[in-house]
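**Student:** Whenever a hint applies, use it, and build me the whole structure from the sequences.
If you're matching them up, the sequences are chains A and B in order.
Using this note's numbering, you'd call the opening residue of the first sequence number 1 and step up by one each time.
Using this note's numbering, you'd call the opening residue of the second sequence number 1 and step up by one each time.
Careful, some of the hints might be misleading.
To be verified - Quick list of in silico lysine-lysine cross-link-like pairs, PhoX-like style, CA-CA up to 25 Å:
#	chain 1	residue 1	chain 2	residue 2
1	A	K196	A	K218
2	A	K132	A	K252
3	B	K529	A	K88
4	B	K427	A	K42
5	B	K422	A	K88
Unchecked claim - Not the full set, but computed from the structure, chain B residues with beta-carbon under 10 Å of chain A:
#	residue
6	A84
7	P85
8	G86
9	E91
10	G100
11	L103
12	R106
13	G257
14	K258
15	H548
16	S549
Hint data in this document are derived by calculation from the structure and do not stem from the laboratory.
It should be emphasised that the depicted structure is a prediction, and the values quoted were computed from it without experimental measurement.
In this text, a Cβ means the ideal position worked out from N, Cα and C, and glycines have one as well.
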Amino acid sequence: MDYKVLHIFRNTPFGRETLLQSLYFCNTIQASPVVYIPKSDKFLFYFSNDVIQVDLDSSYLTDPDTAEARTRNLLSDHGIREIFLTPKNYTASSLPDLPTHFDFFCCPRSVSDLSSRIGLGHIGPKVRRIIKHATFPVLLTSTVFKPWKSIAVLFGGSDNAVNALKMGLKLSLASGFPLDVYTLMEGRDQDVYKAKAQNQPFWEMAEPRIRNWHFWEKNQFDQMLYDIPHDAMLVMGAYGHGPLKDILFGSKLEKIQSTLGNIMMVTGPQSTIRLR
Amino acid sequence: MFFVQNKIMLPLKRAFKLDDRLLLILAGCAAGICSGLAAVCLKLSLEWALEWFHHLRSHLWAVLLPGAGALLSSLFLNKMLREAPGHGIPEVIYAVSRYGGLLRFRSSFSRLVSSFLTIGSGGSAGPEAPVVMSGSSIGSNIAKLFGLNERQRITLVGCGTAGAIAGIFNAPITGLVFAAEVILGEWKIVHIIPMAVAAVAGAEISQMIIPDPVLFNHSPFQVGINDTFACISLAIFTALVSAVFTKVMGQSGKLAGKIPLPAWFKAALGGCAVGLIALVFPVVLGEGYGWIQSMISDTFSMGIALTFAALLAKILATAFTLGWGGSGGIFAPCLLLGSLTGALFFQVATTLFPNLALASAGAYALLGMTGLISGVMQAPLTGIFLILEVTSGYETILPLIVVSSLSSTLSHYIEPASIYFKDLIHKGQFLRPGTDARILTDLNLNELLDTSVKTVTQNMLFREFINLLNHSSQEMFPVLDDTSGRFLGIIRISDIRRYALDPAMYDMIFLNQIMDTRIPTAPMTYDLKDVIDIMDANGLDTIPVVDHSKFAGMISKARILDLYRRELMMQTSHH
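**Tutor:** Here it is in structure tokens:
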């Protein structure tokens, strides 16, 4: 595989945890990390229909003299050849444009708030906009590094959930880890969810990879969350079924990301997932 | 956004049978109205600020006012909104040429507030560039909201610009011309009609709220043939002042960049310097429209030496304001510098040649404005139409054309890049439609890659390779590492002929013994221009593209030419 993962390095202990998760992810799916060590506190992502200015919190610029050496050390510890991203284009002198052709983007739940607030389980506004517009899925790391051993896909039957299932399959194929599917039945029968998945062209590849498909009743949401292994990579779509599904993140995602400490892969509406 | 597109736009399009052109005109009108409103807001707030601060100017501590304004402006822009300093127009041009006009929403108001703080407190700058930035961003964000495509979004950026300039100067034609000449760099019907509608909308909104017929009033000028000839000398004069102004602005920015102080502190220092200059030359404060009016009305009373000193003082004050971190544009300073230049020229000419029958100092102030605008921006049409519309001085049209065209030509000779394009050219980012650089930038490397190329491995026996050749018409075979898949080199058919003609060698050599490992490769991160440079430097028509040591595909000049032609036709078509 030659997947590329963009990682913005934060030169703090919290940033180290984030990078460790990124490196573990890369080693697990045989991807290459592309590390950007910011020189200014902001950068731009130009997507096809939006431009997002990512304002980094001040901790990203901590001790710039040691940032590169620390990154090199961590990369070499994991046997990964370093690839640093140097922006080629600048919208303004202190405003670099970062390319957006990556397969994954790895970041904590917030990039504009100080890390002390991240543990409160809140996805920052910039990360939300990136998820909404990016063509790549976003890997949201947890506060501390913990190796993951399986993949848990939350499948609610929406188009975004289908995308998430495909993403889960992609990760399962690349890592060799088993795939578990979790469905909270909201007034519909199991067969409806199964039929939705079985109608997908990738179902033939997915079926043998699925270890278990767990169905839970609508009122058993908390039990379902507890049932998800603590060492699983959680994969889910950003938007759900509701009338404002195109504007607000799904209520389930909000609850899950603030309840579970697992590393999460979130697929947005513009994410294009190819199985290769 | 998706909600607006799916729940509002689609039903509207169906109900009213809107085709794309009509939709673009309506969206352009909306952009023009919003930009016009933004322009009016800034204009009114600046009038209020100048009036409010006026009675404080008599105090000695008033020298600190421009410093305080620039400081607040810098803090607001850099710390609160995290915007880059500068007037913003190169940013708009860059967004149009490189990213289909994508501009951040925050730009629709950031420069309005920061320039209000800078200019309102007395900084030497104009409100036009901030409203252009604001209008362009409004246009871009309206396009985003309606889910319009890239080309339509560029048109709406032009609409926002046209509406903003039309609103701030009450000059719709100038708005249209400036948007096409400076921002988009192309004149296409598909842009012109929505931009014209936007310009009219912007001007009408401005007229409704601030019913001023023209910005600068004057009595009709008696312009004769002598004046047309004198304009040749005036054009040389304005071109020189334009070049000096552009140079000083650039050097001032560079000097400020070298000083290791916080941005807000440098902005405050620059502002205080303006305050000090203003103690002797109050003409440098703010946009200076009152002084321009006095020059055009022939009520300006400075002598030659004082006018010359005021001209230098204004150049310095503008450099201190904008180069050191204040916010604002150069339109208004150019107008004031131009009128001073014109007035100075008239004074010198009538002193040296008292019998020369020239029109009046006011007429030359007006012609000087055209000369400076055309020289600094190297946009002759904008220079002509702006002065015509803000003064209604249509009797000066012939000398205006002479001064404008000569001044922009001479300025280009002295200083090849205009103040708006200088940084972009320096960074290699001046990408006008239909130019080689723009086409090469717009072509995607992925699109050009031939990924169907058959690869071979380093330990393949030559006999196996010969068998492979029997079923392939390929000229070059990339050689990969057996285990890691890393790119190692290339086998060219022309290079292995001597082995192929000797069957005894078939079972004796492996491909890693005969592959060319010195072939230059291009990484995926390269621009197409860099790839072509590699090909030219090595005299190759095809080279491999390697992504993180992995072979990604082959790229050939033939394929580049195919897509180059397609892109060129698209960019230069009239619609």
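**Student:** Now look at each hint and say whether the structure bears it out.
**Tutor:** Hints, verified against the model:
| no. | hint | verdict |
| --- | --- | --- |
| 1 | K196/A with K218/A | 18 Å, holds |
| 2 | K132/A with K252/A | 16 Å, holds |
| 3 | K529/B with K88/A | 13 Å, holds |
| 4 | K427/B with K42/A | 20 Å, holds |
| 5 | K422/B with K88/A | 18 Å, holds |
| 6 | A84 | 3 Å, holds |
| 7 | P85 | 8 Å, holds |
| 8 | G86 | 7 Å, holds |
| 9 | E91 | 6 Å, holds |
| 10 | G100 | 8 Å, holds |
| 11 | L103 | 7 Å, holds |
| 12 | R106 | 7 Å, holds |
| 13 | G257 | 8 Å, holds |
| 14 | K258 | 13 Å, violated |
| 15 | H548 | 5 Å, holds |
| 16 | S549 | 8 Å, holds |
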